[in-house]
Each structure stands twice: as C-alpha cells, then as structure tokens.
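Starting from the given sequences, assemble the full structure and let the hints guide the process.
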Amino acid sequence: MSAVHTAITTAEQQHRIYKAFDWIIIPIVVLVIIGANHIHAMLTMGDWDFWIDWKDRRWWVTVTPIALIFFPAALHYILWNNFRLPFGATLATAGLLIGEWANRIANFVGWAYFPLNMVVPAEIIPMALCLDAILLISRSLTMTGVLGAMLWGIIFYPANWVIIAPFHVPIEYNGTMMSLADLIGYNYVRTGTPEYIRIIEEGTLRTFGEDVTPVSAFFAGFISVGAYFLWLGIGKWFGLTTWMKRV
Amino acid sequence: MSTPSEAMSGDISKGLIGGKRIAIIFFAVLAVMMAWRVYQQLFAWDMGMDSFEPEFQTYWMNLLYGQWIVEFVLAAVIWGYLLKTRDKDVFNITPQEELKRMFTLLAWLFCYVWIVYWAASFFAEQDASWHQVTVRDTDFTPSHIVLFYGTMPAYILAGVGAFLYARTRLPQFAENISIPFLVAVVGPFMILPNVGLNEWGHTFWFMEELFTAPLHWGFVVLGWTALGLGGLLIQVVLRMITLTQLDGEVLVTEHMNDEDGSKSGY
Numbered sequence: 001m002s003a004v005h006t007a008i009t010t011a012e013q014q015h016r017i018y019k020a021f022d023w024i025i026i027p028i029v030v031l032v033i034i035g036a037n038h039i040h041a042m043l044t045m046g047d048w049d050f051w052i053d054w055k056d057r058r059w060w061v062t063v064t065p066i067a068l069i070f071f072p073a074a075l076h077y078i079l080w081n082n083f084r085l086p087f088g089a090t091l092a093t094a095g096l097l098i099g100e101w102a103n104r105i106a107n108f109v110g111w112a113y114f115p116l117n118m119v120v121p122a123e124i125i126p127m128a129l130c131l132d133a134i135l136l137i138s139r140s141l142t143m144t145g146v147l148g149a150m151l152w153g154i155i156f157y158p159a160n161w162v163i164i165a166p167f168h169v170p171i172e173y174n175g176t177m178m179s180l181a182d183l184i185g186y187n188y189v190r191t192g193t194p195e196y197i198r199i200i201e202e203g204t205l206r207t208f209g210e211d212v213t214p215v216s217a218f219f220a221g222f223i224s225v226g227a228y229f230l231w232l233g234i235g236k237w238f239g240l241t242t243w244m245k246r247v
Numbered sequence: 001m002s003t004p005s006e007a008m009s010g011d012i013s014k015g016l017i018g019g020k021r022i023a024i025i026f027f028a029v030l031a032v033m034m035a036w037r038v039y040q041q042l043f044a045w046d047m048g049m050d051s052f053e054p055e056f057q058t059y060w061m062n063l064l065y066g067q068w069i070v071e072f073v074l075a076a077v078i079w080g081y082l083l084k085t086r087d088k089d090v091f092n093i094t095p096q097e098e099l100k101r102m103f104t105l106l107a108w109l110f111c112y113v114w115i116v117y118w119a120a121s122f123f124a125e126q127d128a129s130w131h132q133v134t135v136r137d138t139d140f141t142p143s144h145i146v147l148f149y150g151t152m153p154a155y156i157l158a159g160v161g162a163f164l165y166a167r168t169r170l171p172q173f174a175e176n177i178s179i180p181f182l183v184a185v186v187g188p189f190m191i192l193p194n195v196g197l198n199e200w201g202h203t204f205w206f207m208e209e210l211f212t213a214p215l216h217w218g219f220v221v222l223g224w225t226a227l228g229l230g231g232l233l234i235q236v237v238l239r240m241i242t243l244t245q246l247d248g249e250v251l252v253t254e255h256m257n258d259e260d261g262s263k264s265g266y
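As they're listed, the protein sequences go chains A and B.
Just so it is clear: in the first sequence, position 120 is 120 by the numbering used here, and no numbers are missing.
Just so it is clear: in the second sequence, position 244 is 244 by the numbering used here, and no numbers are missing.
Treat the hints with care, since some could be wrong.
Said to hold, decoys possible - So the derived list for chain A, only partly shown, Cβ under 7 Å to chain B, looks like this:
id: 1; residue: 23
id: 2; residue: 31
id: 3; residue: 160
id: 4; residue: 161
id: 5; residue: 184
id: 6; residue: 240
Stated by the list, open to error - Here are the simulated lysine-lysine pairs, DSSO-like style, with alpha carbons at most 30 Å apart:
id: 7; chain 1: A; residue 1: 19; chain 2: B; residue 2: 20
id: 8; chain 1: B; residue 1: 88; chain 2: A; residue 2: 245
id: 9; chain 1: A; residue 1: 236; chain 2: A; residue 2: 19
id: 10; chain 1: B; residue 1: 84; chain 2: B; residue 2: 20
id: 11; chain 1: B; residue 1: 14; chain 2: A; residue 2: 19
id: 12; chain 1: B; residue 1: 84; chain 2: A; residue 2: 245
Simulated from the structure, these hints should not be mistaken for laboratory data.
For glycine and all other residues, C-beta sits at the position ideal for the given N, C-alpha and C.
See the structure below:
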C-alpha cells in the first residue's frame, strides 16, 4: 500500500468527508435494518402481527416482545460499544414499522383487499424508547438487559391498549359470545384460520379478563431478559472485524 | 459505478457521494420493483390463481423464464466486467483514489440494501397476504415468482457485485477477505437455496396457513446474517479514519468511545 496514508490536508476536507459518509451510510443502515428485522419478525411472530383476531391476551403478549428484542439487542452492542449511539432499539422498531406499514397498505389492503383496521401492526415504539432510555441513562448494557428488557416485555400490552381496546369488546352474535376481533376474523376466513382455531381459540386463552395478560407480560419480560443477553453476544459476533487470507 | 463525479478532479473531499449515481440506483431499482408490483396487480388474481390454466403459463411462467434469462445475463455481464477490469496494481493506489473507491463501494452497498429492503420486507410479507387467501397448487405462485426468482437474485447480483468490487479495487479488501462482508453477502444469498427447503416442505405439508411455522425459520437465520454489515461498517470506518487523518492527529482505532480503553458499559 501507499506510504502516505491520508488523502486530505485540511480540517475542512475532513469535516466534509465525514458529512458525506454520514449521508450515505445512514440510508444503508436504515434499509438493511428494515429488511433484516422485518423478515425476522414476520417469520417469528408475523401471524400475530398481521391480524386483529390473532392479537390475543396470551400468545401475542408473549411471542411478540420476545421475538422483537433480538435486533435491538444486537444493535445495542454494535452501535453503543463502537459509536456510543444509544438508539439501536428505536432504530430497529421504527424500521420494522416502516416496513410493516408499507406492506400492509400496499399489499394486505391494496392487493389482498383486507380492511386496514384488521391488519394494523402492533405498537412497539414505546418499548424501544424505554430500552434506549435506560441504556442512555445507565450507560450499561447489563443494566439495560436486566431492567430494560424486563420493561420491554411488560409494557408491550399496555402500549397497545388504545389500539386493541375497541376490538376486544365482547359481543353476542347468533347466540355466541365473542370479541369484535373474532367476528372480523370469521368474516375474513383465511388459510390461517385453522391455526387460529388450534392456537388462539383454545379454551383457556379466550378469557376476557383475570390474570392471563399480566402473567404473560411478565413471562415475556423474563424471556426477553435472557434473549437480550444472548443477542448481545450475537451482535458482538456480527460486529467482529475479522480478516482472513483464505476461506 | 466507477466514476463518482466530475467534481472529484479538484478537491478530493467534494462530490464523493456522487449524488447522480445514487439517484440513478434509487430510481432504477424503484422502477423495477414498481413494475413487478403493478404486473401483480394486473395479472395475479385474473391469470395467476390456477397453474393448470393456459393463461398462467402465458402470464406467469413466461415472466419467470424471462427473469431467469435476464438474471443470468446480468450476472455474467456485471460480475464478468468487475473481474475483467480489475485493478492489477491495486496495492499501489493513492489514498485519494482509495477514498474515492471506498465511496463507490458504499454506492454498491446502497444498491444492495435498497434491493434487500424490497425482497426481505416488501415482497416477503406480501407473500403472506397472497397465501392467506389462495391455496397454492404450484411452487411458482405470482408472489413467489417475484419474490424468490426476481428480487432475491437481484440483491444477489448487487451483493456479489459489491464484494467483487471491493476484492478487485480496494487494497485492504484485496489483501484479505473481510469475514463480516462475506457473511453479509453469502448469508442472504443462501436464502435462495433455502427456497428449496421451503417448497419441499410446502409440497408435503401445505403449511401456508402459518407464516411463523418452523419450516420458514431457515429464512430467519439467514436473514440475521445481514447484520454482518455491522462488522463491515466498522472495518470501513476504521479505514476511513486512516484515510482522513490530519497531520498530528491521534488515531483512535480501538474502543473508539471508551476513555480508558476498557470495555466499559457491558
């Protein structure tokens, strides 16, 4: 390589190059996070996120936070340890929501003709803000994992109360009691309806109250703590700057 | 993508991004994706529901064959061009030239991730909406023909192109193989062979009623590998720091934000 290592001579040039680098690298990072996090999310918790009737009081509350903490944790490791950027979770969740909304409107509504209020994605930004805020305040990935990841799981359902409440209103239809979400689901029978019957419609999951949701939320928080630390490790691995002569 | 901009000949720090080439990449990819999506809107429900109908052969299988031909030709041309025009004196280029080429690599990566978005986000989840209202009678559904055999080969073209560009034109990447770069290109590439597992499973079990079925988790794990771009980003940043160092400036290339150099905060 050349003996002279630098390509510039003035601080002004350096500043201009740094800005140019930011302008090109930010869209790259955002786009890859939308793509990678979305394919991960849709294939690990997608069925719950696609449909209003799948947003039940136990499985949705449990599966979604656990599946969605993977990328925030990996990004926390990469962005915080290397760049001291504390917004990995918000970046991951906001990116995911951009991907989800674009697809739900253009394809679920615009192509498959489902009503939009049947396919609205879950709200996940509040959890990410809490996770990032705890990292920012504590400056510790360990504290963020213990406190933030637990909070991540616990507040998922409350964060969605406003969206979900109208659809969980109990109604009586042809002599059978069900939620409004169920009624919408039965009017739009999908190939996923048999799995809905097998997974969501099972008796004990269909309660309208009691302690199912808080128990599920705490369980989701508990598993999210473990998943957060596991994915810190995976983020560390993906962030390694390894070079090899041959592969 | 080899000429960033005309302004480059003066001050090296000006015009590095090459706004024109980024705009061309952005709108060219957008146009192709929109064309696919409009084609689906026009012909999926009317001509794509029954693979035994002659219309299906006309509108969808011919699209598939056309895509394959275009993809093989583009791969041969683009990858062949990159290899044929490789810099045979890559270890003796000036830092200014290396800086220019680094930004060209970033343009390649922008092209790659822009297509990755359409494949892994837009058209991948679209597939769920299709299979929730139709029962498949073929592996080559209107959503699969675009997703698996259109957008995925497209990002493979760009990803391998980016990798070859770095290997043939940037000294650091020519001297050694960047493992995170390799992971970020080969992992998503392997999603295409994983389609074989997907179709094999669907042929036996007809699992389209559950998008989160374990049969689909191969896509999940391989999708994670896109995070390898994080390691590549750090490699690029470290090199950029060297290339933009001022006289007398102290280089900080490890634990960039830790005051005492330790792994604080973990």
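Query raised in the report: What are the numbers of the hints that this structure violates, sorted from low to high?
Result: 3, 4, 5
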